[in-house]
Amino acid sequence: MSSLSEPDFVARREVLRLIAAGAAASLAGCSKPDQPIVPAVEDKDGDRAGRIRRYATTTTLAGYGRGATALVVDGRPIKLEGSARHPASLGATDLFTETAILDLYDPQRLRAPAGPAGIAGWPMLERALIARLAGSNGEGSVLLTGRITSPSLLTRIAEARTRMPGLRHIRSEAIGDDAEREGARLAFGRPLTMRPRVGEADVLVLLDADPLGPGPDQVPFARAWADRRRAPGKPQRTYVLEPSPTQSGICADRRIALHPALVVNALLAVAGSLGAGNSSGADLPPDPAALVASVIRDLNGAQGRAVVMVGRGQPPEVHALAAWVNQRIEAPIDWIDPVDPDPSGHVESLAGLASDMAAGRVATLMVLDANPVLHAPPSWHFAEALERVPLSVSFSAFPDETAMATRWRAPLAHSLESWGDARSPDGTASLIQPMVKPLFGGRGALAALAMLDPAGPRPSDHDRVRHQWNAIDDGHWRDLLVAGVIEGTAAAPVPPGDARLVMPAPGWASAATIITLPPSPTLWDGRGATNAWAQECPDPVTRQVWGAALRISPGDARRLGVDDEDLVAFAGLSAPIKIVEGQADGVATLPLGHGRTAGGPIATAPGTLGAGTDAYRLRGPRGDWLSGGVTLVPTGAKAHTPRNQKDFALDGDAASLFPVVAPGEAIPKPPSRTTLLGAGPERPPDAPQWAMVIDTSACIGCNACVVACQAENNIPAIGPEQIGKGRDMHWLRVDRYEHEHGGGYQPVPCMQCETAPCEPVCPVEAPVHSAEGLNLQVYNRCIGTRTCQANCPYKVRRFNFLDYAGADLWGDLDPAPVTAQRNPDVTVRARGVMEKCTYCVQRIETAKHEADATGEALVTPVTACQAACPTQAIRFGNLADPASDVANLRRDPRHYALLEELGTRPRTTYLAKVRDVGDGEGEV
Amino acid sequence: MSDAARWLLPSMFDHKAITDAIAGPLVEGKAGKRWWIAVLVSLAVTGIGVLATGISFTYGPGMWGNNSAVVWGFPIANYVWWIGIGNAGTLISALLLLTRQKWRNAINRFAEAMTILAVSIAGLFPIIHLGRPMYFYWMAPYPNTMGLWPQWRSALVWDFWAILSYLLFSLIFFYLGLIPDLATLRDREGPRHWRRIWGAFALGWQGTPGQWRSHQRLQRVMAVIATPLVCSVHSIVGLDFAASLMPGWTESVFPPYFVVGAFFSGFAMVVLLALVIRAALSLEALIRPAHLDACAKMLLAAGSVMLLSYGSEWMSALWTGEAADLRFLRFSFTGPYAGLTYGMILGNCLLPQLFWSPALRRSVPVLVIVSAGVLVGMYFERILIICNTLSIGYEPTAWTLYVPTLVDFAILLGTGGLFVFAFLLLSRIIPLVPMYEIRELAEAAKGDAR
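Chains as they are written, first to last, in our numbering: chain A, 1 to 924; chain B, 1 to 450.
Worth flagging that the hints you see were computed from the coordinates, not collected in a lab.
Certain hints may be false.
[To be verified] Under 7 Å between C-beta atoms, here's a sample of chain A residues computed to sit facing chain B:
id, residue
1, Arg168
2, Trp508
3, Pro554
4, Ala557
5, Arg558
6, Arg559
7, Gln645
8, Glu721
9, Gly724
10, Val761
11, Glu765
12, Gly784
Just so it is clear, CB atoms sit at the ideal spot from N, CA and C, and this is done for glycine as well.
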């Protein structure tokens with residue numbers, strides 16, 4: 001110890017005193033908090049940091065609401081799942097709900113209103129609108145929206161129109177239901193919506209209809225369809241006649257390709273057999289004619305238990321005739337008053353608006369969450385007409401085509417940032433409640449409408465919604481927010497009356513090729529084009545990503561002399577070809593929504609083939625979902641279309657990978673083989689043994705599970721160039737098979753093999769086996785030799801060849817917001833590391849923690865893919881529990897394991913697809 | 001002509017002539033212009049490879065043609081090819097020593113040098129091909145904070161040991177054989193600093209009978225160790241694939257088939273090296289057409305065995321009738337890689353058949369063409385072994401082709417450049433033909449003549 005000299009000692013004491021004085025002074029100088037603040041040491045209401053909480057809300061598609069559950073952690077939503085109470089969700093989601101969470105954090109979103117002079121604030125936009133609308137009665141003002149089923153929005157619009165009688169509300173949804181409503185009007189005198197009770201149908205006939213395909217009703221229809229087919233001893237036969245393979249066609253028992261113009265002839269034949277009288281000239285090619293004969297035979301024996309459905313691409317007369325046919329066969333159908341109260345036609349009203357704008361009769365236009373510049377038929381010159389409107393504002397989440405064409409654009413809040421409500425296709429109302437404050441300065445639809453009605457009152461969006469449902473008292477309101485669904489609001493079936501017999505003229509296939517324009521199963525009407533997950537999600541039919549090729553039949557390809565990826569020109573556009581087995585001759589198909597010219601770097605990415613494949617350019621002036629006759633001209637060039645799955649032809653082998661059985665038939669058990677492998681390691685007797693059984697008979701190939709897995713497990717989207725090199729990152733893939741016995745979809749996650757071939761080959765032992773039967777990939781240990789994937793016979797592993805997690809698909813935009821979507825319970829993998837499906841081990845571990853913490857029995861967790869599946873094709877559970885789903889399903893006669901003969905003993909197993917061909921023996 | 005005399009021109013019966021012929025260029029001669037040009041070119045090519053490897057380390061394995069199905073590609077093919085080339089050197093040194101083949105005497109030094117360089121280059125690839133190459137040392141067993149050992153059941157860990165042991169062994173064997181020659185160089189007139197270096201490495205060799213006896217005994221013992229080692233190294237490389245369940249890889253013939261293929265490609269490289277060295281260093285008196293004839297016979301034998309091995313693979317696929325194997329076979333011959341398959345058969349099996357003719361065995365142009373054909377054919381074989389199986393596995397939805405990128409080719413080229421560069425350097429540092437072994441041959445020839 002050094003000696004203290006007198007001056008140091010004194011100085012030190014002095015300093016200490018000064019410090020004390022200073023501290024006291026600073027304390028006195030600090031402002032005390034107004035109220036005492038106390039740190040939250042106790043765990044109130046289970047609200048620990050990092051714990052996932054679930055809130056009920058609703059997402060919309062084409063204006064219809066589907067109940068959803070938002071998973072929120074630390075104040076930000078990270079995933080959307082289904083709502084068990086909601087009839088349009090039934091606990092599951094479709095692809096569009098799963099991708100919606102990425103839209104919330106999308107860096108491409110508009111962040112501030114922008115006017116003719118550039119970025120402006122909300123007050124400037126409001127001033128511009130007030131200047132135009134204050135004191136006016138709304139003459140020359142138009143509000144253009146998509147379909148609105150939201151009671152509070154409709155009330156608000158009605159209020160605005162009461163104050164401003166001149167205000168017009170034009171409702172035009174891109175994928176509308178004009179043909180269905182007009183058909184019902186022709187048959188019953190008023191528009192009605194058909195709600196088939198699929199579960200009661202022994203025979204289902206789909207004429208150019210794809211109810212298992214994308215749409216607001218996909219989930220409940222698919223569930224009812226799958227439940228019926230799973231029901232033991234109750235066979236159901238699905239017949240499909242369609243121009244191009246769709247999910248419904250691929251999952252059908254019997255399917256034949258038929259030119260869309262000839263679909264009416266098939267229906268005329270059916271109607272004729274029911275007493276409508278013969279139609280001369282209603283000819284059909286021999287194969288479809290044979291199928292129609294089988295249909296007629298089946299319908300004869302299924303009175304009261306058969307349904308005929310017609311798709312949106314067919315004209316109203318065909319829908320009307322179908323309504324008559326359904327009544328004759330006493331189909332189990334409910335007719336309800338349309339949930340969308342607007343009686344006008346979607347196409348007609350938009351066409352009227354276009355001509356009004358061109359004639360200068362529109363002074364103010366507010367577009368609310370609609371993109372007419374994209375989907376209006378080119379002959380209407382909608383964008384040019386829009387130019388003539390002095391004040392136009394588009395409320396949109398993204399800088400889409402319409403937002404870039406109107407004078408003003410303003411950011412619209414995401415449904416996860418807004419208060420609101422919506423009705424599902426069956427009329428059930430549910431609430432939309434926000435999970436976060438608007439991240440990018442957006443305003444919800446209700447607040448946007450308030451700007452249109454400057455003289456009106458300005459309650460908050462929450463108050464408006466509360467007011468809409470003020471019949472519900474405050475006590476129950478809170479319960480309602482928890483439930484999300486407002487019970488008892490489903491539309492009651494109405495007696496339609498007798499259907500008038502409408503006989504459409506027989507159709508004939510023109511010599512020129514026509515192109516059908518269905519909505520995209522991944523992009524819907526094009527709004528998904530800005531979403532990286534939707535772009536990277538493979539198309540259920542062609543497995544294409546980041547773009548779509550023109551689908552033609554093998555016969556047409558031979559006649560044209562083209563092959564896959566050859567570029568052809570038609571009607572001023574160009575697109576690469578994809579030869580599709582099962583496409584009708586003389587018909588090509590180009591899904592809508594690709595080739596967008598605005599929306600951000602994802603929507604206009606080079607892999608999406610640019611403006612060349614915007615199928616909306618082919619819409620005729622009547623807004624048909626068919627182009628006029630076109631001539632396909634091979635250009636000689638080639639254009640690569642990235643695909644997740646190549647075409648393959650297997651002889652005989654495919655039947656062992658994807659067995660298809662007749663109803664009641666059992667899969668023969670493989671002969672037991674002697675093996676040198678032991679029974680496996682000792683397992684603790686009380687450890688759950690996780691397993692999964694996937695019913696390929698129920699899988700409709702919707703890809704909701706694929707995107708749910710991506711959302712749950714922080715799987716990066718990697719872009720078209722990487723997919724083109726064959727590097728897919730989706731942990732779960734849905735394989736499509738087509739062979740002589742039938743076809744269908746097979747989701748393939750990690751098999752979690754009991755004797756996993758990937759485990760012994762890794763030099764650093766990164767894949768290890770848990771006591772619960774999981775094959776665990778230890779990311780930190782992986783050095784990336786990729787031997788595990790080389791030895792995996794199922795090829796379920798995915799490698800980070802580049803820094804995909806940090807990948808920048810958004811061009812110049814800062815991708816940082818996207819990281820907010822990531823699940824904090826799942827590692828974000830670095831470059832050079834192998835990853836794969838983990839049976840959502842984070843959910844398993846959470847469930848185990850809960851059981852430990854509460855002392856209760858383990859609640860079997862639900863994997864993300866299982867939760868998302870509309871048909872509940874994926875079942876996950878504890879094999880050690882003999883009463884569990886998976887244990888029972890393993891005893892099902894249809895049960896099989898993939899590549900069983902390799903001895904991997906997979907924990908993920910399958911139930912074979914059932915196909916009821918009826919009298920179509922030997923038919924392919 | 002006596003056995004020993006076949007391998008040596010009478011002009012070389014004199015010890016001084018031997019020493020002058022071999023050590024002369026090394027000690028007195030300056031490197032010619034051709035040498036410098038060759039060094040610069042090979043250095044440039046190596047630089048391209050280093051750049052490509054740097055790009056791969058910076059961005060990741062995504063710079064190659066690998067994809068989700070074909071996860072192995074050029075880097076692993078390069079590894080197997082180079083290891084294969086490396087096999088012949090030790091085989092010549094060891095196996096031919098034990099079988100008392102006199103023709104090994106002239107060629108074994110540069111063959112062993114080839115081995116060391118080839119194995120070193122091959123050993124780079126298990127590091128380069130990794131997704132996280134900075135952790136390559138986790139494949140080695142060392143006490144660590146993670147408390148983990150490598151996975152002993154994995155063939156890649158066996159690879160690690162195989163390469164390590166093989167490299168160490170080859171280095172020791174090479175050095176051992178070099179010692180008497182280093183002593184010769186030390187004792188000869190020449191630049192002092194080099195003589196000091198050679199002398200240091202000569203470890204005080206005096207050439208006493210006792211030392212010679214120990215030397216020979218040690219060489220024989222090492223040769224006995226070498227023979228199973230050589231077989232094991234490439235068998236283990238074969239087990240990388242054979243210890244797997246993928247179609248086309250589940251062949252129990254792989255270990256011996258890889259060993260034969262290895263010494264096949266190695267001999268081809270030895271032939272090329274022999275031709276270059278004898279021309280560049282004017283050693284036609286020491287490396288006789290008889291040497292080339294013997295090597296050519298080895299190539300013929302190995303090529304025929306390769307044909308037999310391919311045949312057994314194809315036959316077993318046909319008679320088992322396993323769907324996956326038949327599909328694999330069809331794909332090999334009619335799929336997108338079919339050109340490589342036919343190239344492989346041409347280079348490996350058909351071209352060496354030219355060597356049934358004694359005249360062609362001694363014809364330099366034919367030797368060059370066939371050896372180059374063998375090397376290329378063996379490379380195709382490595383590519384096909386990897387890409388055929390991974391492209392056409394059990395799950396058809398995962399079938400994907402491998403399309404190599406420029407970076408892939410650059411890395412391969414770079415290793416070739418590195419090999420040539422290192423050899424050129426070696427040729428200026430050590431004698432590429434063993435002087436004392438040629439002297440032994442000369443004594444034996446003189447003895448026979450008497």
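So, going through the hints one by one against the coordinates:
no.	hint	result
1	Arg168	52 Å, violated
2	Trp508	39 Å, violated
3	Pro554	19 Å, violated
4	Ala557	20 Å, violated
5	Arg558	22 Å, violated
6	Arg559	27 Å, violated
7	Gln645	4 Å, holds
8	Glu721	10 Å, violated
9	Gly724	10 Å, violated
10	Val761	5 Å, holds
11	Glu765	4 Å, holds
12	Gly784	2 Å, holds
Going through the hint list in order, the structure does not satisfy hints 1, 2, 3, 4, 5, 6, 8 and 9.
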